[in-house]
Amino acid sequence: MKTQYLKQFEKYYNGEMDPEEKASFENSILQDPELNSSFQEYLSIYDAIRDQDTLDLRTKLKEIREERARNKNRPDFFSHGYNWLWMAALLTIIISFTVIISLLITKIEWNDQVASELNSVEVLEYSALNRELMKFEQRNMDFKLESPKDSFSFNSKDDLLFKWTVDSVNPLILELIDWEGRIVFSSGKPAISPYLIKKKLPGGILVYRFRTDTEAYYIGFLFLK
Amino acid sequence: MRRNDKDVLKYIYKQYLPMVRYFIIRNQGSEEDAEDIFQEAIVAVCQRVKKKNLALDCAFKTYFYSVVRHMWLQYLDRNKIHYEFSDMDEFLMLEDKELYDDFQTKKAIFQRRFLDLTDLCRKVLLMVVEGTSYEEIALTLGYKGKQYAIKRKYECMKSLINRVINDPEYKRLSQ
Chain A
1 MKTQYLKQFE KYYNGEMDPE EKASFENSIL QDPELNSSFQ EYLSIYDAIR
51 DQDTLDLRTK LKEIREERAR NKNRPDFFSH GYNWLWMAAL LTIIISFTVI
101 ISLLITKIEW NDQVASELNS VEVLEYSALN RELMKFEQRN MDFKLESPKD
151 SFSFNSKDDL LFKWTVDSVN PLILELIDWE GRIVFSSGKP AISPYLIKKK
201 LPGGILVYRF RTDTEAYYIG FLFLK
Chain B
1 MRRNDKDVLK YIYKQYLPMV RYFIIRNQGS EEDAEDIFQE AIVAVCQRVK
51 KKNLALDCAF KTYFYSVVRH MWLQYLDRNK IHYEFSDMDE FLMLEDKELY
101 DDFQTKKAIF QRRFLDLTDL CRKVLLMVVE GTSYEEIALT LGYKGKQYAI
151 KRKYECMKSL INRVINDPEY KRLSQ
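Taken in sequence, the protein lines are chains A and B.
1 is the number of the first residue of the first sequence in the working numbering; add one for each residue after it.
1 is the number of the first residue of the second sequence in the working numbering; add one for each residue after it.
No lab work stands behind these hints: they were computed from the structure.
Virtual Cβ for every residue (Gly too), placed ideally from N, Cα, C.
Careful, some of the hints might be misleading.
Mimicking EDC-like on lysine to aspartate or glutamate, the simulated pairs with C-alpha atoms at most 16 Å apart in a straight line are [what the hints assert, rightly or not]:
no. : chain 1 : residue 1 : chain 2 : residue 2
1   : B       : Lys107    : A       : Glu21
2   : A       : Lys60     : B       : Asp116
3   : B       : Lys6      : A       : Glu63
4   : A       : Lys62     : B       : Asp102
5   : B       : Lys10     : B       : Glu35
6   : B       : Lys6      : A       : Asp56
7   : A       : Lys60     : B       : Glu155
8   : A       : Lys11     : A       : Glu21
9   : A       : Lys7      : B       : Glu155
Residues from chain A that keep clear of chain B, each with C-beta distances beyond 12 Å, as calculated [as the list claims (entries may be wrong)]:
no. : residue
10  : Thr3
11  : Asn14
12  : Ile45
13  : Thr54
14  : Ile94
15  : Ile95
16  : Thr106
17  : Trp164
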């Protein structure tokens, strides 16, 4: 097909030739195989355009092919250098986020640790003393303490006088226990009222206990300065 | 396929393009050749489904592969490329003489190049083949008059023919 014939073909196709010109053109087509071949192809173009169904199919196939090519050529965020600014911004956000989260976790852990330490001290102190006191069953007896009666605070250098009455024939042992559950004084043998402790005792809160071999009859607190 | 449903076409693309690509590249073709042949095979199969009420007594995949194989053989013959075929699947020997012959190939080129034209050119040429008068074309497209519509149509046709004669496949066919 050659474009040199196009003006002639168009004039013929559009019906713009006068009868004489038209007859001459039709005669040329019969005589000239090259012109004839070109004209047949020219007409084939119209036939191809007239096949609307196939054109519609080709349009869709072209669209799919272009979509696929676009997706194939779409820049991959992480593999292209020209996205460095976005990557830098993303990295900054990730690092900031990580730091904030780490700080939050550290703070929570520290709070937990402090709380745990405080609790554990209380539990330890309570547990040690409690364990010691729980060794003997508490029993309600008609035990009356006369000394020390209303006083709570004493000087650790002074002697400590205990006086009591009890409606029991069982011999009682007098003991002093510190806050950590350690027995800092024991009468050893059964104590008889009045009982004077002359030994120098450690300062702080002490628990005194009157007990038999199996039962505690009385428990009280005092503070030695 | 009868309705040129785009979703069906996408499905065919997804299902069969890898197979066609593998086959064509293994047999002296390129990625571009594979996509071209694949599209022409879809067009050919759709035309046969619509016009010839194609009834298959084998799997669609086998038929589609056979069409692609037939077309690629013709392409290699047409381009005088020596080949030792390497098949990858079972296939049918198709007796369909119209399948990808010179006439069909030229028609495909005309249609593909027509789709490359501008929207306005496509519209003018479509109106002409539909038998719309130049006066009406001028009126519809807002041209000054019939003569300008004729001039525009000539320019569009010239553009289309230039695209066709510069098409590599058309050049090979015309040798």
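Now the hints, each set against the structure:
{"no.": "1", "hint": "Lys107(B) / Glu21(A)", "in the structure": "30 Å, violated"}
{"no.": "2", "hint": "Lys60(A) / Asp116(B)", "in the structure": "13 Å, holds"}
{"no.": "3", "hint": "Lys6(B) / Glu63(A)", "in the structure": "9 Å, holds"}
{"no.": "4", "hint": "Lys62(A) / Asp102(B)", "in the structure": "22 Å, violated"}
{"no.": "5", "hint": "Lys10(B) / Glu35(B)", "in the structure": "13 Å, holds"}
{"no.": "6", "hint": "Lys6(B) / Asp56(A)", "in the structure": "10 Å, holds"}
{"no.": "7", "hint": "Lys60(A) / Glu155(B)", "in the structure": "26 Å, violated"}
{"no.": "8", "hint": "Lys11(A) / Glu21(A)", "in the structure": "10 Å, holds"}
{"no.": "9", "hint": "Lys7(A) / Glu155(B)", "in the structure": "10 Å, holds"}
{"no.": "10", "hint": "Thr3", "in the structure": "6 Å, violated"}
{"no.": "11", "hint": "Asn14", "in the structure": "6 Å, violated"}
{"no.": "12", "hint": "Ile45", "in the structure": "5 Å, violated"}
{"no.": "13", "hint": "Thr54", "in the structure": "6 Å, violated"}
{"no.": "14", "hint": "Ile94", "in the structure": "35 Å, holds"}
{"no.": "15", "hint": "Ile95", "in the structure": "40 Å, holds"}
{"no.": "16", "hint": "Thr106", "in the structure": "51 Å, holds"}
{"no.": "17", "hint": "Trp164", "in the structure": "99 Å, holds"}
Violated hints for the displayed structure, listed by number in ascending order: 1, 4, 7, 10, 11, 12, 13.
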